[in-house]
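Those protein sequences? They're chains A and B, same order as listed. Numbered by the working numbering, the letters in the first sequence go through residues 111 to 436 in order. Numbered by the working numbering, the letters in the second sequence go through residues -3 to 277 in order.
Derived from the structure by calculation, the hints contain no laboratory data. Treat the hints loosely; a few may be bogus.
The list that follows gives simulated cross-link-like pairs (lysine-lysine, BS3-like), each with its CA atoms no further than 25 Å apart [said to hold, decoys possible]:
#	chain 1	residue 1	chain 2	residue 2
1	B	46	B	111
2	A	246	B	26
3	A	220	B	24
4	B	24	A	246
5	B	26	A	220
6	A	246	B	46
Here the structure is a predicted model, which is why all the values come from computation and not from measurement.
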Amino acid sequence: MSDLAIEASGLVKVFGDNRAVDGIDLAVPTGTVYGVLGPNGAGKTTAVRMLATLLRPDGGTATVFGHDVVREADAVRSRVSLTGQFASVDEELTGQENLVLLARLLGHRKPAARGRAAELLDAFGLTDAGDRLVSKYSGGMRRRLDIAASILNTPDVLFLDEPTTGLDPRSRNQVWDILRIIVAQGTTVLLTTQYLEEADRLASRIAVIDHGKVIAEGTPGELKSSVGSGSVHVRLRDAAQRLDAQRILATALNTEVALEADPVALTACISGSDTDAAERAARALAELAGGGIAVDDFSLGQPSLDEVFMALTDHPATQSDEEVAA
Amino acid sequence: MSTTTDTKPASYTPVAESLGAVLAAGEKPKRPSALSASITFGWRAMLKIKHVPEQIFDVTAFPVMMTLMFTYLFGGAIAGSTTEYLQFLLPGILVTSVVMITMYTGLGVNTDIAKGVFDRFRSMPIWRPAALVGMLLADVLRYVLASTTIMAVGLIMGFRPEGGVVGVLVAVGLLVVFSFAFSWIWTMFGLLLRSEKSVMGVSMMVLFPLTFLSNVYVDPSTMPGWLQAFVEVNPITHLTSAVRGLMAGTPQASEIIWTLVAAAVLVAVFGSITMRRYNRH
Chain A
111 MSDLAIEASG
121 LVKVFGDNRA
131 VDGIDLAVPT
141 GTVYGVLGPN
151 GAGKTTAVRM
161 LATLLRPDGG
171 TATVFGHDVV
181 READAVRSRV
191 SLTGQFASVD
201 EELTGQENLV
211 LLARLLGHRK
221 PAARGRAAEL
231 LDAFGLTDAG
241 DRLVSKYSGG
251 MRRRLDIAAS
261 ILNTPDVLFL
271 DEPTTGLDPR
281 SRNQVWDILR
291 IIVAQGTTVL
301 LTTQYLEEAD
311 RLASRIAVID
321 HGKVIAEGTP
331 GELKSSVGSG
341 SVHVRLRDAA
351 QRLDAQRILA
361 TALNTEVALE
371 ADPVALTACI
381 SGSDTDAAER
391 AARALAELAG
401 GGIAVDDFSL
411 GQPSLDEVFM
421 ALTDHPATQS
431 DEEVAA
Chain B
-3 MSTTTDTKPA
7 SYTPVAESLG
17 AVLAAGEKPK
27 RPSALSASIT
37 FGWRAMLKIK
47 HVPEQIFDVT
57 AFPVMMTLMF
67 TYLFGGAIAG
77 STTEYLQFLL
87 PGILVTSVVM
97 ITMYTGLGVN
107 TDIAKGVFDR
117 FRSMPIWRPA
127 ALVGMLLADV
137 LRYVLASTTI
147 MAVGLIMGFR
157 PEGGVVGVLV
167 AVGLLVVFSF
177 AFSWIWTMFG
187 LLLRSEKSVM
197 GVSMMVLFPL
207 TFLSNVYVDP
217 STMPGWLQAF
227 VEVNPITHLT
237 SAVRGLMAGT
247 PQASEIIWTL
257 VAAAVLVAVF
267 GSITMRRYNR
277 H
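From just these sequences and the hints, can you work out the full model?
Following this line, the structure appears as C-alpha cells:
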C-alpha cells in the first residue's frame, strides 16, 4: 500500500462539448487535508463526484486506497463519505430522522442507530433542533448536520464540496474547527473551495483548478510564494496624488504597484514571509504619510482568489461569470 | 444555501473531546441486506407522509370522486340503472384509480432525486435499487389505502361482490402487484425527464389511452374492430377482467396469469432502464 489516500491520473469528464474536467492528476497523502481551489465552473464538483463514485469518468483513472472508483465502486463507497455542495440531508425530515435513516442504511440496528444519532446531535450542538424539520434549519446548522451525517461511520476519506460557501463567518469558523478535529483523528479530507484563505487555513496541500485543469499544485507556502504572500490595498483621499503614491509605494515595497479602475485605488503584491511583509507594509504606510499623501484606507491581506488567478493565469477568476452576465 | 432560519444565534462551539469520542465510536456494522435497505427507504417515505399528511389526498379523495362521478354519469345511459352498472364498473374504477395514482411515483422520484441527499445515498455502500424500491414499497401502501377507500364507497353505494372477502382481497392483491410493476414506468420517466411538469404531461399521455381504451367503462364488442384490437392487448383490460372475475366469484386463470406476466415484463424492462439511468445520474 502506498501512503496516498487518493490518486487520480488524467481524469476526464465531458458534458456535451464542455470538457468539465480535462485531465486532472491528484495525489492526496493519507491523513491530510487536501484543498482543491478554483472558481465556479472550474470542474471542482465534477472531479469530486467522480472520486466519490457518483460520476463515471470519461477518461483516466482514480483510486481511493488502491480501489478503482469505477471497477471497485462499492469498496470505495464503504470508505468514503460525501458532503455535497448543496446540503446532502433530507429537508423534509427532522435532523434526528436524517441521522437515524442514514445509520440504518449503514447497517446499524434501530436502537444503535438512535443512540448514534443522539450522540452526534449532541456533539454537533443540535440536540435541541433534533426534532425540527431540516427545512427550518439555518445554513450553519444544516452544514453541521451534514457533516455529522458524514461521520456516522468514521470515514477514511471525507469529501467536502465547498463546505462553507454561503455560511456566515461564525458558522464558517465552526466548520473549520470541526474539520480540524476530524482530521486530527486520522480521516483524510478532500475539500473544494473558492477561498484561498480557507484552503490556506486548513489544507496541507492545494491544487488550483481552472477550466478543468490543475494549473498549480503545492503547499500553501509554495503557492503563496509564487503569487506573493500578501496583497496591499490602498485608497487615497485625493486622486491627483495617485502617481506620487505609486512611486513611493513601489520603492518602499520593492515591487510593482498596479493602478486600479477606481481612480483613488492602488494594489501591490508583496512576497517574502508574512512578518516581513507586514513590516514592509507598515514602512510603506509611514512613507506615504511622510510624503504628505492622505490615505483613506490601507489594508494588508492574503491575495484573493482573483489575485492568485491573475498571477497564475493572467485572467481573473471571475471571467466565466462575466461572460455569463454579458 | 441558507434560506430560512428561525433559530437563535448559534452558540455552538465544537469540542474536541466530544467530537473525538463520537468519531472513535463510529465502528462499522455489517452492510444491510437489499431488503432491509429497501424497507429503510420505505420508512423514509412514511416519515414524509407523517410530516405532510395532506399528500394522501390523492389516494383518498381522488378515487372517491372517480367512483361517484362515473357511476352516476354513465350508469343510467349504459346499464339502465346505476346499481346495475356499479356491479360492472366498480372493479374497473378500482383498477383505473389505482393505476392512475401510480403516476405520483414519477413525480416523487423527479423532485426527490434532484436533491442533494440522493448524492449521499448514491455514495453509500448499499444495494443500488434500494432507494427506488423503498419508494415503491411505500407507494404500495398508498395503493392499498386507495383500494380500501374505493371498496368502502362501493359497498355503501350498493356494490355486492359475489366472490366474498377472499375474492376481493385476492383481487386487490393482484392489482397492487401490477401497480408496483407499472410504477417502474414512472421511475424511468422521473429520471429521464427534466421537470415535474413534463413528467405530469407524459403520465397523462400514457394513462388516458391505457385506462379509457379498455374494458373498464364499456363492453369492447360495441367498439370498431381496430379499437378492439388495441383493447385486446391492453394490459389494463386483462387486469380488469382478472379483478372482475375474482370479485364476481368466477376467477379466470388465464387473465390472472396474463396480468402477472405483464407485471414481470414491466419490471424487467422499465426496472432495468430505470436502474441504468439512476446509476448514471
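Here's how the hints hold up against the structure:
1. 46/B with 111/B: The hint holds at about 20 Å.
2. 246/A with 26/B: violated (33 Å)
3. 220/A with 24/B: Holds, at roughly 15 Å.
4. 24/B with 246/A: Measuring from Cα to Cα gives roughly 31 Å; hence the hint is violated.
5. 26/B with 220/A: Holds. Residue 26/B to residue 220/A sits at ~14 Å (cutoff 25 Å).
6. 246/A with 46/B: holds (17 Å)
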